[in-house]
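Asks: Let's have the full structure, built from the sequences with the hints guiding it.
The residues making up each chain are set out below.
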Amino acid sequence: MADQADDSKTDAKVATWPKAEDRRLLGQRTSRLDGPAKASGRAKYTYDIKPPGMLWGKMLRCPHAHARLTALDVSPAQGMPGVKAVYAIQKPGAEIQWSLDEVAAVAATSEALAEAAVKAIKVEYEVLPHFVTEEKLAAAPQVNPGKEETEGDAAGALAAAEVKIKGSYFAAPVAHNCMEAHGQICHWTEPDHLTAWCSTQAVSGAASQFAEGLGIPAANVRVIADYVGGGFGAKFNVDRWGIVCAQLAKLAGAPVKMMLERHAELAVAGDRPSAFAEIEVGAKKDGTLTAWTSKSWGSGGPGSAGNPPLPYVFQIPNRKHQHSAVPTHRASSRAWRAPNHPQAAFLTMSALDDLAAALGMNPFDVVTQNLAITGRLEKTYREELEIADQLMGFRQRWHPRGDATRGPVKRGLGMSLHTWGGRGHRSNCEVTIHPDATAEAKISSQDIGTGTRTVIAVVLADSLGLPLDAVQVRIGDSRYPASSASGGSTTVGGVSSATRRAALAALDQVFAKAAPELKAAPEELEAAEGKIRVKAAPDRALTWRQAMALFGRSPVTATGANPGAGNLTDSGVGGVQMADVTVDVETGILKVQKMVAVQDCGLIVDLKTAESQVYGSLIMGISTALAEEKVIDPVTGITLNHDFETYKMAGIGDIGELVVRMMTGPGYDERGVIGVGEPPMVSPLAAIANAAANAIGVRVPWAPLTPRRVLDALSTKGVA
Amino acid sequence: MHPIEYASPVTREQAVKLLGTDPAAAAPLAGGSDLLALMKDGVETPRRLVSLKGIAGLTGVRSESGGLRIGALTVLDDLAADAALGFEYPAVTAAAGRLAGPQIRNVATLGGNLLQRPRCWYYRNGFGLLAQRDGKSMIPDGDYRYHAILGNEGPAYFVSPSTLAPVLVAVGAQAVLFGPQGERRIELEKLYRIPKQPGEREHDLRPGEILTEIHLPPAAGRKIASYEVRQRTSLDWSLATASVALEMTPDGKVTQARVVLGQVAPMPWVALAAADVLKGKRLDVALATQAGEAAVHNAVALEKNRYKIQLAKTAVKRALIAAAGIIEDEG
Amino acid sequence: MADEHDRDDSPPGGISRRDFLRGGAAAGALGSAGMLVHEIAEAAKKGPAPVAEGLEVFGPGPVPVRLRINDQRYDLKVEPRATLLDVLREELELTGAKRVCDRGTCGACTVILNGKAVYACSQLAIDVQRQPIETIESLARPGYLHPLSAAFVEHDAQQCGFCTPGFVMAAKALLDHTPSPTLKDVQHGLSGNFCRCGTYAGMRLAVLAAAGHMDDDEIPIGSGDAAGAKEAAPKGGKGGKAHG
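Which chain is which? The protein sequence lines are A, B and C, in order.
My numbering puts the first residue of the first sequence at 637, with every later residue one more than the last.
My numbering puts the first residue of the second sequence at 202, with every later residue one more than the last.
My numbering puts the first residue of the third sequence at 778, with every later residue one more than the last.
Because the hints were derived from the structure by calculation, they are not lab data.
Heads up, none of these hints are tricks.
List time: in silico BS3-like cross-link candidates among lysine-lysine, alpha-carbon distance up to 27 Å:
| hint | chain 1 | residue 1 | chain 2 | residue 2 |
| --- | --- | --- | --- | --- |
| 1 | A | Lys1230 | A | Lys1015 |
| 2 | B | Lys337 | A | Lys772 |
| 3 | A | Lys800 | A | Lys931 |
| 4 | A | Lys1244 | C | Lys961 |
| 5 | A | Lys931 | B | Lys505 |
| 6 | C | Lys854 | A | Lys686 |
| 7 | B | Lys337 | B | Lys397 |
| 8 | C | Lys854 | B | Lys254 |
| 9 | A | Lys1155 | A | Lys1171 |
| 10 | A | Lys772 | A | Lys783 |
| 11 | B | Lys218 | B | Lys254 |
| 12 | B | Lys505 | A | Lys802 |
| 13 | B | Lys254 | C | Lys893 |
| 14 | A | Lys1046 | B | Lys505 |
| 15 | A | Lys1227 | C | Lys961 |
| 16 | A | Lys680 | C | Lys893 |
| 17 | A | Lys1353 | B | Lys505 |
| 18 | B | Lys482 | B | Lys454 |
None of the values given here were measured: they were computed from a predicted structure.
Replies: Okay, structure coming up:
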């Protein structure tokens, strides 16, 4: 997600966040507002919605990774009992680029009937050769080299470097695997009016996408997503299956629900591109980085994608980087929580850690030695490194590579740094204050686990001086004021800024009415403790009800937008993470004993849910480091591990002790609200991989660090 | 899932009648935790499920002439908690208690665990137990990271998935089978076979037969232990398991040994060479290591499953060390 | 616990195939979960199920099934292939149990059957008749929270929330049997469930905190007293805390 520049040229009043002493709810620990609905099972997700007369949609999928559709006859499904609509998605002649691509669809009165109808469709393919093994670059039928990025004289500096290392590192593709699969229910309320319940992280955008795909006015589309079972970057689009679902509903004249089956979700609904790199780094004997070259490649499907920003964080003065995209016959990758950064961190931090080992230095010292080339986050990193060191005892407990203690279980420490943007996105908010002194905020945003509702409520209540239970938050409906997708960690900054501006605009109206009553100027008033009062003389006050009575029986409504006047959000956060792992060198089993994450994100709206994002990132990161890998069969090109049994994720017993420290207070709060959903996801793999190298004495150059990979590395002495 | 018939007999005889003799036509339903998944994926398509839960006498652990009789329908959670079994064979209750996760242990049965189908992802993706395409195995060119390193001269490359089979085979368990011809009792080891032709199964059940009981001989002072190499604590499969049963003299010399490997071959793998190494010798870490080496001396692996040789070796060594109660201090 | 009203003399599997063929109660039933003549024909092509004279066989069409869910009796007509999860969600609109993997691995569909946590996706409804089944909807009345759910809220043991009901039910089964669990017990008891947002840290605290409070009164939602068990949990100070 690109950062957006603040647009400060409007005439609107410059908005600010309250000073530290005036914050009542901001920065406190507020429990997730929709927590009770979720923890009691009463929250209704898309998967749970069932409008009257609803049909089930199912799709026929191509079993081949690369094929030409030579014949398709949907008519056998047409007449089957319970079948209400049949739809050919692709036409004969179409070239299919990945396995489980959608070919045709049916809607029937039950899921079982729809499944049976799908099986009855007659289809023929001409199977074409596939390529899915991009780690073997030389074997790739097609390689698309990207532009070479250079700075200074990389080759010269490398030749002159006092110490240098060369390494190859590989990260496998990993899936999003949201708990709630992609899917939607499409319901035509009128011939050209569509209501869609959609598991999406882009409620506003989904409405336009449906409209475009269906050729109807966007104003006729309503998208609802009260609760969303995860997104992580996989749910920005309504996808072909969304449009197909609407087409089925139209043909059938009834609402149709179509949710992806888990095997399809894991095979076609998104993954993080693979990343491979050959890297050389040079440094002075004191650890000062002088040279970097990297040749990276990877695949994100036919179009391919994913150029990891190398070198990561450290702008080494003489550097050269080139990335090649390798098209493969597997479904297109999607933005995966902090796109390209986890791979970049793994590739860079592994190489720097190997360099530190060659220098005979503690990687902590190599990092601190080079903080000057991290740019404007230098001070943040420096502060975070000190805290992380204290929490982990890194400098004190660190040992040179290879735990020399007896026994097969070796222990080691590793670290990594990361950065991310996170500026609040475009968002609009409408605030209404009712005569009974309750307030509501409407934003067509979504909660994919973010805590969006909670954040909006905290900002609104804090701004209006009302208790939390006096505010209602309405999101997840495209009829509310537009808001951007939840991607790039932009949501919290966006919705909190828009809400703040809307609340302040509403207050302006209230202050204007209340000022004469309180014999003060409007700018002398404040809203606090359930009252509208004179700042300098808090006893001169109206209760909110009294203030609202001045408007008769009408509520007060105001809107706010982000970006807008005033710096309510910013971009650019830094984080430091450290890992303490044990590795059994006889079994290759790696266990995370402890992780420390120190993270900044500007002004924290709700500490509880902000911390949860960091814990969640650590856990998801541990999972990707230990086990996650999409396994594509070289023989058939299909995804072999498309269930929870074989697509392995960490469970509750696999995560170790987790310590999270948020950077707050002076130096951080003034920057305004910045998102934190992605940045802490960047470093875990890198930190864990480095800790493993520290433990066993050799680099495990492949991610995930499964027993197989660890044992392979031990037998090859770390050479990939 | 395809449509099915369902029956809930109350006797073994009824069950056998309902099952008929074509395993593709009707299947016994015990815990169902895996069978239903196979049916949803279209890998198994029995037209009828015959629930065995209503049959009296197929659950529980009973002592009998020094040994134990365990009903095949005993769920793993009950097995893990059984006092008599835990007293005689703590290695068995421990293995049952570690297996999968609670929701599976609460419904999955001993019989289901012993007879479950392989987890091979080619089989589960519908390519058949032998994973053949155009008469040729897909495994050597495919992704075989979890596949067999022993008993893999072909055409079967999957691994036997049961976590309990190795330890039960090691202690000399017997299986009681009931079928159209009545009851028979065989060594549990003999229940397993390596299929050689498409269409053959990995279990030596005769048409219409069900597993009704497992008999364990008295532990009789044998030293018994298992070691599982399992990456995750949450719901995961062992990558290699070794179970050992040793008869030892009071001064630590091995007189009889059974070493059985799991998840490394298409059947629970009795490592005779490892037992030979142990016999007549005093068990220490060096001997345990040697036995581990012997257990895999004839293993055949390629690039992607080579690590399993190391895992199997380690599992044997550690199971032996655990069985003998050796404190490993030489690193 | 035994519910006398649930006892009756109907066969354990509901209506039998003989009844069906005689034109009994199930004849012509092709309801929302109906099956196809086509499918029956397909079945016949693959070879019929064995003939078993004198023995009752149910289905493959819809047959009466009696379920005992949250202390209520439900008489339904479903096909033998219908899973408990699909019946809960599709027939009874009890959507707290989620369908995620549908293959008995992820835990999102966890319910309590006969006092034990099970995957509802891996049980046939017809095979669990008359046995007590608890779903998350039974934990508290609408508008109230069970102390265990409240602990999940207090410790933010959820993000997207899709896995949460399954975890709550697995945790309930654990605490019902192990009222004072250790951290290891919690990890063992919840090892059959997966979360994608990464909320295990909060869950460990939530379940430990709820221990000993399972019989507390349900808590009105919005009362602010999210967890009666709050005090039992390690306190996290502003600015940092450890989830050990």
